[in-house]
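My request is simple: use the sequences and hints to build the entire structure.
Number of protein chains: 2
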Amino acid sequence: MPQTYFTPGPAELYPTFYKHLQTAMDEQIGSISHRSQRFRDLYKFADEQLRTLLTIPATHGIFFTGSASEVWERMLLNCVEFESFHLVNGSFSQKFYDYANALHKHALVFEKPFGEGFDAAEIQVPEYAEVVCLAHNETSSGVQMKTSEIHKLKRKYPKKLFCVDMVSSAPYPDLDFSIIDSAFFSVQKAFGMPAGLGVWIASEACLTKAERLQKNDSLTIGAHHTLPTLWKHYKTFETPATPNVLFIYLLGKIAEDFNRIGIDTIRKQTEEKAKMIYKFIDNSDAFEAFVKQERHRSQTVVVATTQKPSAEVIAGAKAANMVVGSGYGKFKESQIRIANFPATSADQVAALLEQLTN
Amino acid sequence: MPQTYFTPGPAELYPTFYKHLQTAMDEQIGSISHRSQRFRDLYKFADEQLRTLLTIPATHGIFFTGSASEVWERMLLNCVEFESFHLVNGSFSQKFYDYANALHKHALVFEKPFGEGFDAAEIQVPEYAEVVCLAHNETSSGVQMKTSEIHKLKRKYPKKLFCVDMVSSAPYPDLDFSIIDSAFFSVQKAFGMPAGLGVWIASEACLTKAERLQKNDSLTIGAHHTLPTLWKHYKTFETPATPNVLFIYLLGKIAEDFNRIGIDTIRKQTEEKAKMIYKFIDNSDAFEAFVKQERHRSQTVVVATTQKPSAEVIAGAKAANMVVGSGYGKFKESQIRIANFPATSADQVAALLEQLTN
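Those protein sequences? They're chains A and B, same order as listed. Sequential numbering of the first sequence, starting at 0, is according to numbering that gives the first Met the number 0. Sequential numbering of the second sequence, starting at 0, is according to numbering that gives the first Met the number 0.
None of these hints come from the bench; they were simulated from the model. Bear in mind the structure is a predicted one, so any value in this text is a computation, not a measurement. Every residue, glycine too, gets a C-beta built ideally from N, C-alpha and C. Any given hint could be a false lead.
[As the list claims (entries may be wrong)] Ranges of calculated distance between the beta carbons of each label pair, as one might list FRET restraints: (1) Asp173(A) <-> Ala319(B): 49 to 55 Å; (2) His103(A) <-> Asp97(B): 22 to 28 Å; (3) Ser217(B) <-> Ile178(A): 34 to 40 Å; (4) Asp216(B) <-> Asp25(A): 53 to 59 Å; (5) Thr264(B) <-> Asn320(A): 38 to 44 Å; (6) Asp25(A) <-> Lys214(B): 50 to 56 Å; (7) Ala310(A) <-> Thr51(B): 34 to 40 Å; (8) Lys214(B) <-> Gly328(A): 23 to 29 Å; (9) Lys214(B) <-> Lys18(A): 29 to 35 Å.
[As the list claims (entries may be wrong)] Some but not every residue of chain A turned toward chain B, in silico, with C-beta under 10 Å: (10) Ala10; (11) Pro14; (12) Ala23; (13) Arg34; (14) Gln36; (15) Pro193; (16) Ala194; (17) Leu196; (18) Ala204; (19) Thr219; (20) Gly324.
[Said to hold, decoys possible] To give an idea of the interface, some chain A residues facing chain B are shown, with a C-beta separation under 10 Å as derived from the structure: (21) Tyr4; (22) Ser66; (23) Ala67; (24) Gly195; (25) Val244; (26) Phe246.
Here you go:
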């Protein structure tokens, strides 16, 4: 009996995924050369569809990596000479910060407790920070930072490069790429695909920085997937190394499906489903919303503290063929996480909430 | 009309691939958590099957990356403090060397012209080289280094770490992992899968080196996919970041299929098919084997210089629904490359040779 996955990634596959996979197999996409016109066409197609979906201007390139975690490293290697600044309020924003330390960058941090969010007004970006690293959506705690706040902060510090982790929210956030320099996501969240592909959006300003750092003998921007190499190949819709051709094809197709529905509709549906879930939680004695401030509540990953041990709640849903995520880290046994991605319909969400009532 | 791909990667998918993919979809492998028992079981399964197939001892871990190219960087970051040594005789061994330079390692090289191979007796490994980087099979030129020669060289320099690129030959080479420290491959070659997964085999000696370098403040071993982090998670068959779960599942299944046939049979079949191809080329006026020394001729990627422009040969095969690769780089128009992987049978090879006769 198939399960419906409400887990925050890997997650439920988007309903059209299977059809596109079948087409890919019929067209032998798994065997085509990554140096062929067929590949260049499908990279270009994915690029165009993502550009339309997320309103990405011509100043920004779209690149593919093995995962979003890889992008943390690439961004720091390519765009930080000395100092990065991190907004940390959960496990994934923490990992971005940890990566900076592992790379011996001077990493500065403004930290909030797990479950709390950031507003622009309270943030002072340190004078020498080159890149501001922040998560639009912190997957571990279900906290979002509103895009309006991200934009406000960038306008206050226009010379800093801003890199936004939208791993578990894209395409939901309406980031303004006329001011945001870089963002990234992975496909196993809201795009409803299996894991195995990271997507990195980066501006010409990031490239310029990387090219400058590459000339500096006292540091390295890495060897694999450096921004100058990615960009050079991107000009002809190629990649420096053999990429996950099949998943790039599938991502293009799913982005096209999203564009057919329209990004405004997808965002509205996401908000409507999130409203259903939070309303249910707020009215339930068995659950409590973990994130107190409404403006910081994630629209795509809802975290609830459970009255019962979370394992019982999860087992109850499982028995009804629905899979919800456990809490993250030390909240594993006291919280559940419900993904609210395009792959699950309002009806499916309603069925889950009905089940959680029992 | 489906094509048969004789390209050296991406290549023809292994015949059982489609069945395994269907099972994976039925079992919703694309949605399972990489922190679940189901995932740990499938990593363990792939690990066991690869261990059996390639005779990998318990001293070595098996790790997954985004690609084999990523492994070049990981190996150099994790295991080279100052100096690496490279045997270069084609574009991919050259790239391994280029990566070392990009990472500001002191990279030393022993170079041979494109199309020529290495024997142990002629190689002097420099005194301070920490890692010897060599390709069992140079995909660009169709040159192999016999495993007996690789082993001879390692025995001459037992204290050096040896890292073998077997990207376009595994599982063919019978590497002796009781003396070889590290090797790597990607799945879109002889394993007959779509691209998107690299496999890195590394020994405890590599881990010890990485742990030592990690304590050294004057360098970084990177942040993503460091050997200590990979190994720590590997102990419970997990990964530091979300991996390509679906492809790890599929790789385990295909390795199991290979084990059912038996590695000796697969190696014998590979050699028999290679013999057919080289015999045809040697007897043909239209083709000439690019690699003159028989002992250096690759068993898995056969490169032939064409009498006609290679584009005509490729177009002729294409018209008969068979895809052969063009020459690499500057040999694009004067050579063809024929992959000899397990996915194509002796009958299919015979059909190709029949077509090339015309």
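Do the hints match the structure? See the list:
no.: 1; hint: Asp173(A) <-> Ala319(B): 49 to 55 Å; result: holds (51 Å)
no.: 2; hint: His103(A) <-> Asp97(B): 22 to 28 Å; result: holds (23 Å)
no.: 3; hint: Ser217(B) <-> Ile178(A): 34 to 40 Å; result: holds (38 Å)
no.: 4; hint: Asp216(B) <-> Asp25(A): 53 to 59 Å; result: holds (54 Å)
no.: 5; hint: Thr264(B) <-> Asn320(A): 38 to 44 Å; result: holds (43 Å)
no.: 6; hint: Asp25(A) <-> Lys214(B): 50 to 56 Å; result: holds (53 Å)
no.: 7; hint: Ala310(A) <-> Thr51(B): 34 to 40 Å; result: holds (36 Å)
no.: 8; hint: Lys214(B) <-> Gly328(A): 23 to 29 Å; result: holds (26 Å)
no.: 9; hint: Lys214(B) <-> Lys18(A): 29 to 35 Å; result: violated (51 Å)
no.: 10; hint: Ala10; result: holds (6 Å)
no.: 11; hint: Pro14; result: violated (13 Å)
no.: 12; hint: Ala23; result: holds (9 Å)
no.: 13; hint: Arg34; result: holds (9 Å)
no.: 14; hint: Gln36; result: violated (13 Å)
no.: 15; hint: Pro193; result: holds (3 Å)
no.: 16; hint: Ala194; result: holds (5 Å)
no.: 17; hint: Leu196; result: holds (7 Å)
no.: 18; hint: Ala204; result: violated (22 Å)
no.: 19; hint: Thr219; result: holds (5 Å)
no.: 20; hint: Gly324; result: holds (8 Å)
no.: 21; hint: Tyr4; result: holds (4 Å)
no.: 22; hint: Ser66; result: holds (5 Å)
no.: 23; hint: Ala67; result: holds (8 Å)
no.: 24; hint: Gly195; result: holds (3 Å)
no.: 25; hint: Val244; result: holds (5 Å)
no.: 26; hint: Phe246; result: holds (6 Å)
Of the numbered hints listed earlier, those contradicted by the structure are 9, 11, 14 and 18.
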